[in-house]
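Engineer: With chain A held as given, fit chain B onto it using these hints.
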Amino acid sequence: MSWYLAAASLFGALTAILLIGLPAAFSFFAINVVGAWHYLGGEAGLAQLVRNGVAAITNFSLTPIPFFVLMGEVLFHTGVAMKAIDAIERLIRQVPGRLAVVAVVAGTVFSAISGSTIATTALLGSLLLPEMLRRGYHPSMAMGPIMAIGGVDMLVPPSALAVLLGSLAGISISHLLIAGIVPGVLMAAIFVAYVVLRANADPALAPAFEQAPARGWSRWGPLLLYVTPLVLIFVVVIAAMVAGWATPTESAAVGAVATVVVAWAYRALTLSGLMKALLGTAAISGIILFIIVGATTFSQVLTFSGATDGLVTAVRTADFGPWGVLVGMLLILLALGCFIDQVSMMLLTLPFFMPLVQHYGYDPVWFGVLYLIAMQLGLLTPPFGMLLFTMKGVAPKQITMAQIFRAVTPYVLIGLVMLAAVMLFPGLAVWLPKSLLDR
Amino acid sequence: MPVRSAYHLLMQACGVLAAFVIGAVAVLVTGDVVARNVGLSSFPWVVEVSEYSLPLATFLAAPWLLYRNEHVRLDMLLGALPRTVARLLDALADLVGIAVSLVFVWYGVRVIADSRALGSMVFKTLVFPEWWLFVPVPVCFALLAVEFVRRMLGANGLAPSRQGMV
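These protein sequence lines map, in sequence, to chains A and B. Numbering-wise (my numbering), the first sequence opens with residue 1 and increments by one. Numbering-wise (my numbering), the second sequence opens with residue 1001 and increments by one.
Isolated chain A (complex conformation) (with noise of 0.2 Å):
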């Protein structure tokens, strides 16, 4: 069999049962298992199906998920996260558009401490959305800036994404973490800038409204308190992961501990907040670890039909030059990012994109960075980006779904806007971990 019809037929049968709503997971199993049969031997095929499985997941590498998803459930579980908004919103006055500021604000500084977009969208979503609307926030201005946040937080460290892109297309992990910081934080400051100019614009789409005097201590006090040791522990996790103190693993680990035990310090700490932490956190990595369990396998079986070096070479003869590949890559991400979630997307296209990034010598941490930025993007996107459809089923009623692509439209636009900018200015998301860790 020629090696398109066998990528055809592959990716065929997996588009088939992925649409008749079988979990992601399964689907890849399933696909697999024809797979395995046809091309890696039969019976001896499954027994390896089954040993692919267990080792695809026995990795070290990709043991910092569960404890980065864990960080950001403690704070979300036992309340400490909103008492870190409820300061930042204290702090941040006299702005146009204050409580959008806020939630940008506010999301940034959640994803430098939890690992996992839905926590993060989840929490906005519920605590500021209804408060700005109530306040007669335009729609757009208050669901745009927390969609936005959210896929951030794939690029801000920790994140959980990062770690499994890191594994699954064998980029240095802690380079891949830190190499985040700066393309994060510029898009956050971005899209801030992009609320106080509209919002300033066009006082009608946020609506100013007494605030209750704070001065002094009741002003600055909530943020000592509260966001401060969140933003140590950020820095404590990063930082022993630079200074080579502690493995990724390892300061995820201490991380995920540290947070618990400031949540006991604040006294928020309850059994049933922590029971709550430690399921959602079995639940969120059980989710992504379980896609894994089938990466192996589906990335033998894309080679040993021919598939992979098939259309990596019809690529490489088409000659689209570096930048037309590179770009091609990312359109593909763009799209599949309305359909699958992000680790069936990374099961998808590393097999066929890591071999190409090789071929034309991309910095792989650089590739890494640009990946994710359009895979965030990717879930942004209408007319079907997930995050979009998240936000529809935490939205009040009466919002529509052609709101919530007007409100997310100029944050995909600063978005591209960022992608072209790492594109050609790679420093901005190598500059960082190549001075911290390549001394």
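Any given hint could be a false lead.
To be verified - With a Cα cut of at most 20 Å, we get these calculated DMTMM-like pairs of lysine to aspartate or glutamate:
1) Lys434(A) with Asp363(A)
2) Lys392(A) with Glu1070(B)
3) Lys83(A) with Glu131(A)
4) Lys1124(B) with Glu1051(B)
5) Lys1124(B) with Glu1048(B)
6) Lys276(A) with Glu1070(B)
These are calculated hints, taken from the structure and not from any lab test.
Structural biologist: Frame of chain A; chain B shown alone:
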């Protein structure tokens, strides 16, 4: 009904155990880091235990997640189709799920038996029979097969699921 509540308890126990494994390993790894840095001896087996804990927690969590309809899936098409067609496709998906799970149960057992027969051992800091690593596979997939059958019989049918976000 006692069977139903026993099943519910079993699923809950899977989730709680997975959560406990993650929490325990976080504490263990932290303890190792602290011990090493204050000059006490380090425990090289902790790294290995944290590695093995991942498949354990994952295979424990999987049936619980399916029971709670939390595995990421695409329900865009199902939501757009007429209800009867959607139900039919959903049942078809469950059927594929059952078949896949049974393959993993069967070959999981075979891999365990083969590895035992060969006497394969894992030689790292911790030394133990290799087949121990594969035990969670058939157990997890057997539970998954049961859950898929339950779904096909109407439990959880077409309930909204987690959109593809993690």
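Engineer: All hints are to be evaluated individually against the structure, with a verdict given for each.
Structural biologist: Checked hints:
For the proposed pair Lys434(A) and Asp363(A), the alpha carbon gap of about 12 Å is at most 20 Å, so the pair holds. Using a Cα cut-off of 20 Å, the hinted pair Lys392(A) and Glu1070(B) holds, with the two alpha carbons roughly 18 Å apart. The hinted pair formed by Lys83(A) and Glu131(A) meets the criterion: a straight-line CA distance of about 15 Å does not exceed 20 Å. Taken as a hint, the Lys1124(B) and Glu1051(B) pair is honoured in the structure, with Cα atoms around 12 Å apart against an allowance of 20 Å.
For the hint pairing Lys1124(B) with Glu1048(B), the CA-to-CA distance comes to about 8 Å; that is within 20 Å, so the pair holds. As the CA atoms of Lys276(A) and Glu1070(B) are separated by approximately 15 Å, the hinted pair is consistent with the 20 Å bound.
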